[in-house]
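**Student:** Here is how the chains run, residue by residue.
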Amino acid sequence: MRIKEYLRKVEKGEILPSKEIPRIVEKLDKLNEKYSCFITLNKNPRITSKKGRLRGIPVVIKDCICTKGLRTTSGSKILENYFPVFNATIVKKIEEEGGIIVGKTSMDEFGFGTFCTNCAFNLPKNPHDITRSAGGSSGGAAVALAMSDLPLLSIAESTGGSISCPASFCGVYGLTPTYGLVSRYGLIDYSNSLDKIGVMGKSAWDCALGLSVIAGRDSNDQTSIGEEKDYTRFVNKKYIEKNISGKIIGVPKEYFGKGVDKQVKKIVMNAIKKYESLGVKIKEISLPYTKYALSAYYVIALAESSTNLSKFCGLRYGLATEIKGNADEYFSSVRTKGFGKEAKRRILLGTYIRMKGYRNKYYLKALKVRKLIIEDFKKAFEKCDVLMAPTMPFIAPKFNEIKLLTPAQQYASDILTVAPNLAGLPMINVPVGKINGMPVGLHIIGNHFEEGEILSFAGAIKW
Amino acid sequence: MDIEKVAKIARINLDENEKKEFEKELKEVLKIFSELEEVNTTNVEPAFNVIRIINISRKDEVKPSLRIKDVLKNSKHAEKNYFKGPRII
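These protein sequences, in sequence, are chains D and R. Under the numbering used here, the first residue of the first sequence is numbered 236, with each subsequent residue one higher. Under the numbering used here, the first residue of the second sequence is numbered 1444, with each subsequent residue one higher.
In short, the hints are calculated from the structure, not lab data. Among the hints, a few may not be true.
As the list claims (entries may be wrong) - Straight-line alpha carbon distances no greater than 27 Å define the calculated DSSO-like cross-link-like pairs of lysine-lysine that follow:
no., chain 1, residue 1, chain 2, residue 2
1, D, K327, R, K1516
2, R, K1516, D, K559
3, D, K591, R, K1463
4, R, K1451, D, K591
5, D, K572, R, K1502
6, D, K559, R, K1506
7, D, K572, R, K1516
8, D, K596, R, K1519
9, D, K303, R, K1519
10, D, K596, R, K1451
11, D, K572, R, K1506
12, R, K1467, D, K576
13, R, K1470, D, K526
14, D, K269, D, K638
15, R, K1470, D, K559
16, D, K546, R, K1519
17, R, K1470, D, K596
18, R, K1467, D, K638
19, D, K546, R, K1462
20, R, K1448, D, K546
21, R, K1516, D, K278
22, D, K303, R, K1474
23, R, K1470, D, K576
24, R, K1474, D, K576
25, R, K1527, D, K559
26, D, K638, R, K1474
Take the sequences, apply the hints, and build the full model.
**Tutor:** Dropping the structure here:
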C-alpha cells in the first residue's frame, strides 16, 4: 500500500494505527531476518493519535540520528549501547506530525562506505538479489522500503552520496536536500560541511511529504537556514503540467564518460529523452572540474570526520573500558577496540592531511577546488533548470565483487554523486529501469533550494 | 609517511600488520589526492561552506536543559555528578 492511500484510510477510520502498527512491526521483523535492514527494530513503538501530516505512518530512521530512549549506534561498536536522552529535531518534528518511529536502519559505520559492507552489525542485502549490495551508506534505509509494499517513510542521511547510491541500487526514490535545509541537531556527524538529512520513499510524493515535515530552520542548528514549505504541491499533476513545459535539462557530458556502464548510460539517456514529450528541452553541458571532485570530496570528508570522531574516547558516552594508564593510553585503548577498520582508515587519513605541512597541500587546496566545482554548477544553472545524469555508474555489485576492490577503487565508485554533494545541491534518485532485474537510477540535480523543481521533474513521469 | 606518528596523534593503536597494510593503502589514496595539485587555484577563496551562512544568534536566556542524571546515563564511569576520566597529569 502507498502512503497516500494509507493516510486516506487512517483519515476515514478504516485503518487504526494502534492495530496496524504492531502488525507492520511484526512483518518488518520477519523481513529483517532475510534482508538485515534494521540495527534496532522498535518493537513497542509509541503510537500517538496526533492528527498531523504523518498521522499513523510508520517511519524508519537511519541509525546515525538520535532517537530518545531508542538505541542509536551509527553502525559502530563504539556506540553499541548508546541510548540517546534527547530526540534529534527531525525526530521531534516527525512525532509531532503523528509519525511513528518503528526502527533504526543499518548503515556503514558512521556512514563510511559506498556499499554498506563496512557495518559493525547488520549487513543489509539488496531485496532484488540478496547476493548484491544495498548501496551505502544508508543501505538499510533503502532496503526497508524495497523489501515490501508496506507504507513506510524512510529518513536517511548523505555526506557524499549516501542517499542517492542505495536508492539507486534498491530502486527507490531518494531525496538529498540542499545543505542547510534540514536541521542536523541530533545527527551523529560525519563531515559537518557536507552532512545532509534527507528522505527516501516509494514515490516523489512520499519524499515531498517527508521533506515538508523535516525541513526548516532550527535554533539548535546554526547552519540550518531552510524555510518550511509544503513540497507536495510541486508533485501535483496540475502544477507539473503548468510549470515543466519550456524548462531546460542540462546533461553534463562528464557524467557519461569512461567508467559508466554502457547499459546504464543507455537506460538513463532514454529516460531523459522522455521529458521531451512534456515540452522540455535537453542541452548538453560541461562541468570541467568534475574530474577533481572525488579527491576534493574525500580530502574534506576525511579531514572533518577525523576531528568529529575524536569525541569517542570512552568518557561521556559510548564504549568504555577499565580506566588504566594515562589519558592517551586510555583513549587509544577504547578507540582501538571500538572503531572498525574503515573508520580507523579514515581517521588515519584525515589526521594525516590535517598535519602541519600537509594542511595547505591537501585540505585547503580541496576547499579551493570545491569553490571551483560550485562555480561550475552555478554556471550550468544559468543555462538550464535541472541537471540529469546516471546516479551510479553501475548496478549494485555482488558482495564477492566488492571484496576484491581496494579502498581507492571503492572510493572511486562515488564519482557521480560526490560533486553535487560537495556543492550542497539538492538531488533525487528516480528508479527508471532495470538491467537483469537490478534497478538503474536517474539522478536529477537542482540549484540550491530548488527541491520543488527536482521533485516536479521526478514526479512528472510514471516509470 | 610516518604511520606510527599519525596513529599516535589519532589515538589509535596499530599492530605491525595493520601498520604495513594501512601504510600501503593510505599511500595509494594520497597519490590520487595529489592530482589536486594540477588545478590552478590562484586567487580562489576556499569554500569552507557551500552557501553563505548568516550568523544566527539567540538571546542569552537560561532555558531548561538535560537533567544531570540523564547526561550521565550513557557513561560507564560516572561518579556523583561527574564524569570520571584517566589521569591527565
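**Student:** Taking the earlier hints as the rules, which of them does this structure contradict?
**Tutor:** 5, 6, 8, 11, 15, 22
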